[in-house]
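There are 2 protein chains.
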Amino acid sequence: MFGGIEAGGTKFVCAVGEESGTMKDRIEIPTTFPEETIAEVISFFKQYSIKGIGIGSFGPIDVNHDSSNYGYITSTPKTKWKNFPFVQTFQDAFGVPIGFNTDVNAAALGEATLGAAKGLDSCLYITVGTGIGAGAIVHGKVLQGLSHPEMGHTYVRRHPKDSYLGKCPYHQDCLEGLAAGPAIEERWGNKGIHLKHKEEVWELEGYYLAQALMQYILILSPKKIILGGGVMKQEKIFPSIYKNLKELLNDYISFPEMSTDIENYIVGPGLGDNAGVIGSFILAKEALEIE
Amino acid sequence: MFGGIEAGGTKFVCAVGEESGTMKDRIEIPTTFPEETIAEVISFFKQYSIKGIGIGSFGPIDVNHDSSNYGYITSTPKTKWKNFPFVQTFQDAFGVPIGFNTDVNAAALGEATLGAAKGLDSCLYITVGTGIGAGAIVHGKVLQGLSHPEMGHTYVRRHPKDSYLGKCPYHQDCLEGLAAGPAIEERWGNKGIHLKHKEEVWELEGYYLAQALMQYILILSPKKIILGGGVMKQEKIFPSIYKNLKELLNDYISFPEMSTDIENYIVGPGLGDNAGVIGSFILAKEALEIE
Chain A
3 MFGGIEAGGT
13 KFVCAVGEES
23 GTMKDRIEIP
33 TTFPEETIAE
43 VISFFKQYSI
53 KGIGIGSFGP
63 IDVNHDSSNY
73 GYITSTPKTK
83 WKNFPFVQTF
93 QDAFGVPIGF
103 NTDVNAAALG
113 EATLGAAKGL
123 DSCLYITVGT
133 GIGAGAIVHG
143 KVLQGLSHPE
153 MGHTYVRRHP
163 KDSYLGKCPY
173 HQDCLEGLAA
183 GPAIEERWGN
193 KGIHLKHKEE
203 VWELEGYYLA
213 QALMQYILIL
223 SPKKIILGGG
233 VMKQEKIFPS
243 IYKNLKELLN
253 DYISFPEMST
263 DIENYIVGPG
273 LGDNAGVIGS
283 FILAKEALEI
293 E
Chain B
3 MFGGIEAGGT
13 KFVCAVGEES
23 GTMKDRIEIP
33 TTFPEETIAE
43 VISFFKQYSI
53 KGIGIGSFGP
63 IDVNHDSSNY
73 GYITSTPKTK
83 WKNFPFVQTF
93 QDAFGVPIGF
103 NTDVNAAALG
113 EATLGAAKGL
123 DSCLYITVGT
133 GIGAGAIVHG
143 KVLQGLSHPE
153 MGHTYVRRHP
163 KDSYLGKCPY
173 HQDCLEGLAA
183 GPAIEERWGN
193 KGIHLKHKEE
203 VWELEGYYLA
213 QALMQYILIL
223 SPKKIILGGG
233 VMKQEKIFPS
243 IYKNLKELLN
253 DYISFPEMST
263 DIENYIVGPG
273 LGDNAGVIGS
283 FILAKEALEI
293 E
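Just so you know, the sequences run in chain order A and B.
Under our numbering, the first residue of the first sequence carries the number 3, and numbering increases by one thereafter.
Under our numbering, the first residue of the second sequence carries the number 3, and numbering increases by one thereafter.
Chain A with its partners taken away, still in its complex shape (with noise of 0.2 Å):
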């Protein structure tokens, strides 16, 4: 049995389970601060035999195992997460392999593996809630270069109706700034969850979500794009994200993926809110592997 974490900036999701996604048990622990969460993730693990650890963490994380630094949290605006040996801690705690990557890449991982992009060898997941991240398979491998990839906080062309400064603290008005869940809120005064009936809403988290998926189409080339994060259970947007994607791409890649099949290539999770913890499952069974 392995154990997988999906360790994001409002909440831990623990489960164990198997890497074919049959899941034994699962709690979901607050993100307060390293000695609280982590010590109740480790007695939730304490209680069954496990031989492997995947973790899918929020970023910026160090992924390269030649790095001193691996395993770790590094420059997250988290402050009581900085530099928290997030691998060092499991592997103290448990003497098993730890598989560690992104909670995106930990996403797209399940989905390509049991979920919407199954079977094929290339997919991209976005997440769209407290922030924006995105990760990718390509060569049915999780995308790594210098570092993971950071997609979230790519620029996008403003709405000229949208006056609204951004929320960035790197970089104010990037995708992430403009159109991640807190920025809804400050925004339009409202929690998204409460403006499900403001088309406007949805027709510009439509407007800037399909920008930076012109951007991640045109650069990657993704054979499946997997949309998930709180923000996308208001359904509205999808429609808006096909519309102004069409606009964008203006037909310049001839693939019935960008056309009439767009609502085939674009869409939810097939593991729903499990993508990420059943991906980790996936990445200690690599962890467990390589040993």
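There's no promise every hint is true.
Note that identical chains are pooled: a pair holds if it fits in a single copy or bridges any two copies.
In silico DSSO-like cross-links for lysine-lysine, where the CA-CA straight-line distance does not exceed 27 Å [said to hold, decoys possible]: (1) K26 with K245; (2) K143 with K287; (3) K248 with K80; (4) K287 with K80; (5) K287 with K245.
Hints listed in this document are in silico derivations from the structure and should not be mistaken for laboratory results.
Knowing the structure of chain A, use the given hints to seat chain B on it.
Only chain B this time, still in chain A's reference frame:
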């Protein structure tokens, strides 16, 4: 011996040599229309005994082996070349394995194998010339998903003082529409080569290219970025790119590659003008191995 073709919109560079990069003969043939240009290419190669041919072509092209249009140039604005069966033509003429990819993917492969990114399993090669295109190596292989990337058509934010409308027939003021050679010429009323000392030309060029590089970095995280093509011979662009990119990233990615070591991270091609044609030798070798 292998044959290599770098098929560009202005000229075809053809060469014979080995995948180690040694070149026995090389010729440049103007790109006119298929019957004429291809006849010259074929008679050049007919002088030699070649065991495989690699083609790095302008695009869009169909690189999907499962497609009925595999090996074709597809929806190019160069109408005479639309639906040209590139691979079939050379298979018929030579009966040897044919490797086929984009010109920029060939150049990326050349640079990753023998050039500025030698020894790295990840790099990005961008050409800025008549058009703007990019190819990438990810996990040691040419990046391909649904199709090949089309990175030159990504949108960037306009400079507030730039009133030039843009030249892309599909997207008007996308990166290529604002920053490729023809856009420089139309905006400033003279070819780039005659604008060498006009600081504002290269400052603006760096302003746009840095935005595109930020997207590429956040989405792909390449280990090395190589900028080639005619426009990049104006060396003043590099300092402008470094300055603008550092401002845009604002220390979000805490790697020396984005700050103190940026001049070794974003570089010119190690293989000079031969990156594409040498990469084509490698495409030929790969095609021979698969056969």
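Do the hints match the structure? See the list:
Proximity of K26 to K245 under the C-alpha cut-off of 27 Å is found in neither arrangement, the shortest distances being 41 Å within a copy and 52 Å between copies. In the homo-oligomer, the alpha carbons of K143 and K287 lie at most 27 Å apart both inside one protomer (14 Å) and across protomers (24 Å), since each shortest distance falls under that limit. Taking the shortest Cα distances, K248 and K80 sit within 27 Å of each other only across copies (23 Å), while inside one copy they are farther apart (37 Å). Taking the shortest alpha-carbon separations for K287 and K80, neither the intra-copy value of 29 Å nor the inter-copy value of 50 Å comes in at or below 27 Å.
Taking CA atoms no more than 27 Å apart as the test, K287 paired with K245 passes in neither setting, with 40 Å inside one copy and 43 Å between copies.
Of the hints listed earlier, those the structure fails to meet are numbers 1, 4 and 5, in rising order.
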